[in-house]
Amino acid sequence: MGLALLAIIWLITFVSSYFFAAKTWWLPHGASASAHWIDHQFALTYLLMGIVFVAAQGALGLFVWQYRDRGVAARKSDYSHGNIKLELLWTVLTAVLFVGLNLMGSPIWAAERFAPAKPGSIPVEVTGMQFAWYFRYAGADGKFGATDPKLMDPSAGSEAAIGLDTSDAAAKDDVVTGTMYLPVNREVDLTLRAVDVIHSFFVPSMRFKQDAVPGLAIHMHFTPTEVGDYEIACAELCGLGHYKMHGMLKVVSQADFDSWLTAREAEKQ
Amino acid sequence: MVAQDAHAHAGPQGFIRKYVFSLDHKVIGLQYYFLALAAVFVGMFLSLLMRIHLIWPTAVLPLVGAIKPETYLSLLTMHGTIMVFFVLTTAPQSGFGNYFLPIQIGAPDMAFPVLNMLSFWTTFVAFVVMLAAFFVTGGAPLHGWTGYAPLSALPSAGPGEQLGADLWITSIAIFCIASLMGALNFITTTLDLRAKGMTMMRMPLTCWSWFITAILGLLAFGVLLSAGILLLLDRNLGTSFYVPLVVVNGQIMGHKGGSPLLWQHLFWFFGHPEVYIAILPGMGVASQLVSTFSRKPIFGYKAMAYALMSIGILGFMVWGHHMFMSGMSPFSAFSFSLMTMAIGVPSAIKTFNWLGTIHGGRVRFQTPMLFAIGFVSLFVSGGLSGPFLAQPVLDIPLHDTAFVVGHFHLIMGVAAIFGMFAGTYYWFPKMFGRLMNERWGRVHFFFTLIGTYCIFMPMHYLGMAGQPRRYSQFTELAYLHNLIPLNKFITYAAFVTIGAQLIFVINLFWSLKKGAKASDNPWEATTLEWITATPPPHDNFGGRTPVVNHGPYEYSVPGAPRDYIMQTDPVTVLTH
Amino acid sequence: MATLSPTITIKDPKTGHGGGVVHPPISGGGDDSRGGNGSPDYGQRLRRARLGLLVALAPIIMLFVSFTSAYIVRQGLPTLDERTGTYVRDWIQVNLPTALLLVNTLLLIVSSITMELSRRKITREVALAPVKSIPGVSVEEGRGFPWLGSTVVLGVGFLIGQWMAWRELAARGFFLATSPSSSFVYLLTGTHAIHLAGGVLALLYAGVISLTNKPVEVRRIVVDITAWYWHFMALLWIYIFALLEFAK
Chain A
0 MGLALLAIIW
10 LITFVSSYFF
20 AAKTWWLPHG
30 ASASAHWIDH
40 QFALTYLLMG
50 IVFVAAQGAL
60 GLFVWQYRDR
70 GVAARKSDYS
80 HGNIKLELLW
90 TVLTAVLFVG
100 LNLMGSPIWA
110 AERFAPAKPG
120 SIPVEVTGMQ
130 FAWYFRYAGA
140 DGKFGATDPK
150 LMDPSAGSEA
160 AIGLDTSDAA
170 AKDDVVTGTM
180 YLPVNREVDL
190 TLRAVDVIHS
200 FFVPSMRFKQ
210 DAVPGLAIHM
220 HFTPTEVGDY
230 EIACAELCGL
240 GHYKMHGMLK
250 VVSQADFDSW
260 LTAREAEKQ
Chain B
0 MVAQDAHAHA
10 GPQGFIRKYV
20 FSLDHKVIGL
30 QYYFLALAAV
40 FVGMFLSLLM
50 RIHLIWPTAV
60 LPLVGAIKPE
70 TYLSLLTMHG
80 TIMVFFVLTT
90 APQSGFGNYF
100 LPIQIGAPDM
110 AFPVLNMLSF
120 WTTFVAFVVM
130 LAAFFVTGGA
140 PLHGWTGYAP
150 LSALPSAGPG
160 EQLGADLWIT
170 SIAIFCIASL
180 MGALNFITTT
190 LDLRAKGMTM
200 MRMPLTCWSW
210 FITAILGLLA
220 FGVLLSAGIL
230 LLLDRNLGTS
240 FYVPLVVVNG
250 QIMGHKGGSP
260 LLWQHLFWFF
270 GHPEVYIAIL
280 PGMGVASQLV
290 STFSRKPIFG
300 YKAMAYALMS
310 IGILGFMVWG
320 HHMFMSGMSP
330 FSAFSFSLMT
340 MAIGVPSAIK
350 TFNWLGTIHG
360 GRVRFQTPML
370 FAIGFVSLFV
380 SGGLSGPFLA
390 QPVLDIPLHD
400 TAFVVGHFHL
410 IMGVAAIFGM
420 FAGTYYWFPK
430 MFGRLMNERW
440 GRVHFFFTLI
450 GTYCIFMPMH
460 YLGMAGQPRR
470 YSQFTELAYL
480 HNLIPLNKFI
490 TYAAFVTIGA
500 QLIFVINLFW
510 SLKKGAKASD
520 NPWEATTLEW
530 ITATPPPHDN
540 FGGRTPVVNH
550 GPYEYSVPGA
560 PRDYIMQTDP
570 VTVLTH
Chain C
0 MATLSPTITI
10 KDPKTGHGGG
20 VVHPPISGGG
30 DDSRGGNGSP
40 DYGQRLRRAR
50 LGLLVALAPI
60 IMLFVSFTSA
70 YIVRQGLPTL
80 DERTGTYVRD
90 WIQVNLPTAL
100 LLVNTLLLIV
110 SSITMELSRR
120 KITREVALAP
130 VKSIPGVSVE
140 EGRGFPWLGS
150 TVVLGVGFLI
160 GQWMAWRELA
170 ARGFFLATSP
180 SSSFVYLLTG
190 THAIHLAGGV
200 LALLYAGVIS
210 LTNKPVEVRR
220 IVVDITAWYW
230 HFMALLWIYI
240 FALLEFAK
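As given, the protein sequences belong to chains A, B and C, one line each in that order.
Residues 0 to 268 in numbering that gives the first Met the number 0 are what the first sequence spells out, letter by letter.
Residues 0 to 575 in numbering that gives the first Met the number 0 are what the second sequence spells out, letter by letter.
Residues 0 to 247 in numbering that gives the first Met the number 0 are what the third sequence spells out, letter by letter.
No wet-lab data here; the hints were simulated from the structure.
One or more hints might be untrue.
As the list claims (entries may be wrong) - Heads up, simulated EDC-like pairs for lysine to aspartate or glutamate below, C-alpha to C-alpha not over 20 angstroms straight-line: (1) C:Lys131 x C:Glu216; (2) A:Lys75 x B:Asp562; (3) B:Lys195 x C:Asp40; (4) B:Lys301 x A:Glu86; (5) B:Lys255 x C:Asp80; (6) A:Lys243 x B:Glu475; (7) A:Lys249 x A:Glu230; (8) A:Lys243 x A:Asp228; (9) B:Lys255 x A:Asp147; (10) A:Lys249 x A:Asp188; (11) A:Lys249 x B:Glu475; (12) A:Lys149 x C:Asp80; (13) C:Lys247 x C:Glu167; (14) A:Lys149 x A:Asp164; (15) B:Lys255 x C:Asp89; (16) B:Lys301 x A:Asp77; (17) A:Lys142 x C:Asp80.
Given the structure is predicted, the values throughout are model-derived calculations rather than measurements.
Next comes chain A alone, as it looks inside the complex (with noise of 0.2 angstroms):
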């Protein structure tokens, strides 16, 4: 029973690594600019817990099989209530592990989050509702005009669906979109919004989420750093339709970027 023992945990053990390290599931490609960062983290994360796991489910094994009772004449247990050099060893090390870690995790969250966007970024407002997503465009004079929920409209268009209350001048120019268009290389200042319930805004490339919370107005900010099409996925239950609630994200040139917002300004005329 303690080889059966042995042999089952270490061969759950070697299974579970084994596609850990081969990485058959893994996170996608990371296309922004803290990719880098987050994903360096997660590796050391994984490499340090991976070797906790396998020595802790080894020793495991291995001591039911070790210690097995192998009947009457066999010696007696060791009678010890304990260790307490060992205690303080194992508490010193393994609280260094985990709140090393994480402070070596803070800077990149810092980053991330404890600072704003940076001038120069492009702003971008997604706004979340049952069950799709919509991306606003500033327009030329780079501010978001006023919305208002008795205008909300979903079936007359994008810009009707977040009530954008065109009476308002700086409304004129804004243009509101279904699938989110972005310049490469250009950090962007998100604003978050949700109209009904709370959704998430979730690229898994870009290593971004960030909840979208009915009342508030969250700012976020991501910099893209590859050409491509990206999908957006709603990552906050929200209703039956929250496994269809998706979106894309095309990361363009700035030139095509350009060209694309001239042509949907053109349109709104």
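Place chains B and C on chain A using the hints.
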């Protein structure tokens, strides 16, 4: 001999007083246990339907028919709610704790037997109200067991969010009251009813775990109750605690100025201690069994007790780690994450101590020990995914993905359940005078250990690949398509694993009548329940009070006549 | 493959009688609150009941701590103006009927005094009970002032007063859902009133069982526990009133 006091020691007569409204903590413990057993089968059935729907979204099933996306979400909500409240908060604490806490501390019953009886029946009522949500117009709610507002606060936000949601909240509120009654009893009993010689530091670690779990419940359930009251007010009386100005399906709702984050703070202030409520009794049982079946004192008894206390205290300071992505201040996130890493330390201490207990022991592999060993393995696996989620920067890709689902299922959905299985196989002979079948116990163990790893370990890979939680199907997002084969594997593993639980249930009920007869102390264990008759009489110790002379884990003491000293054995030459 | 059978000789747990286990030494008395002569140990029962009450107060405190923190945070939280995307403060101070609430507070404080006097009266009765059972001894038993009854009257008076305060609030335009501030006023005072009503029921129970044959020690425990609960409710009310008045 001490005169028998007939009034004190005669049990109740009549079926109703003996089995229905019994004041005997042992009967009440069994009532809770069987309530949890019924609940776990409901919960497992719901999860089976969920797993089937995920890989065959268009299938039309017998009895249930086609499962719509909203139905999937209702199944998910009720699965989580029933499992967390009526299984994990019920069986380990109110089930085993009610039965064995008084006996293990040498008391004839709980401090307040009438309150105890009321707490069970209140829990029962809560369960009935919860199940009723399935049968009302609109069905059960779809907002997840976490019930985030505004989704849970707006009846028009989805099917099931009308009467079903009100019943859900009401059931939980009733459950809060029942739990608080139970916590009161456990704490008073532990503090006031210990027998002579049973100091706090001589209590078995099971008693420590029940005691600290009760304190957690005492302080946490009041907050959940307050959250629920505010939610009912928002839903039914037009207040705006949680709901700001929102527009649902083109309709402007009449709320203004509420904060969805308020719900999250209140809920998780309860919710985090709740998960420790779910696991601490399992840790107590694991400590008990690892020591007993290794024939060796627990490594570091005091450290184990202090670790339980630290987990309890720190458990109240980490709730924000569920909210890193919520819009909460990133500075708060930083401090919550530090506290969360800190709470990993006492958990690690406990793991090292379990390993330290087995090391140098003489391990016996009866079924209770198999499940205790399984508990340790699963606790390591589930625990080590914690440090990923505890770091806000890593939570960015992992929050609300299958990674989280894998993490909490390994800990709550498997390790805690292994604690319950271990307790069942271990205490069955004392409760019923018969042993459960060893061979079938082993089959149950191996199938469940391997099966649950097959179900929940892959979820970590799925989460890293970006599979979000609570999706009713994976057909819409392109990057999810190649994750479907692994999801299929999980579903097949779930079929097998759920099937294996039938072995346990059959073994349980068969052994009640046909199991091998057990002696008073079949495991040669040291704690007080093993000195009583089997099953224990109405007042546990047959009119007498035990006097305790030893600690709870005196195994293989050098110079002792046999390899275990019971807590009530006379003081001999040993100086411990 | 390795067999699944255990390798130890003690393969199955013992099925005989526990292997010569020495049964525990026994001693008399017990922890079932009974004294050596078989009669219940009421002193121990009282202590245990008081411990139980102390424990029970913790979740009640947590409930009101929750409400308080929600109140304070909501007060400071600005609301997003949908039109402009900026945050504005929208907290409206509630026009509390302070005079009426002060009267209610006074009623509750006085009821605490009568409650305490009732508690002390029955404590004396318990102390005298053994004396009274000596044959031939008679103790002067005046009816005494109905302190318990007075507490019930004052408690119900408080509840009626709270009801009047809510009517007054409504007359001033503050209903439950009028504003966040009004919601909290009703929430805090309403929850307190429900808890106090529970205390009134406990007092009525104590009154009812004084008409039965239950021993005075049993009644004493009920009155004692209710008294401490009642004092807690009075303190809680003072706290809530102060919060609503000064943290507007």
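Right, here's what the structure says about each hint:
no. : hint                : result
1   : C:Lys131 x C:Glu216 : holds (13 angstroms)
2   : A:Lys75 x B:Asp562  : holds (8 angstroms)
3   : B:Lys195 x C:Asp40  : holds (17 angstroms)
4   : B:Lys301 x A:Glu86  : holds (11 angstroms)
5   : B:Lys255 x C:Asp80  : holds (10 angstroms)
6   : A:Lys243 x B:Glu475 : holds (6 angstroms)
7   : A:Lys249 x A:Glu230 : holds (9 angstroms)
8   : A:Lys243 x A:Asp228 : holds (18 angstroms)
9   : B:Lys255 x A:Asp147 : holds (14 angstroms)
10  : A:Lys249 x A:Asp188 : holds (16 angstroms)
11  : A:Lys249 x B:Glu475 : holds (18 angstroms)
12  : A:Lys149 x C:Asp80  : holds (13 angstroms)
13  : C:Lys247 x C:Glu167 : holds (18 angstroms)
14  : A:Lys149 x A:Asp164 : holds (9 angstroms)
15  : B:Lys255 x C:Asp89  : holds (10 angstroms)
16  : B:Lys301 x A:Asp77  : holds (18 angstroms)
17  : A:Lys142 x C:Asp80  : holds (16 angstroms)
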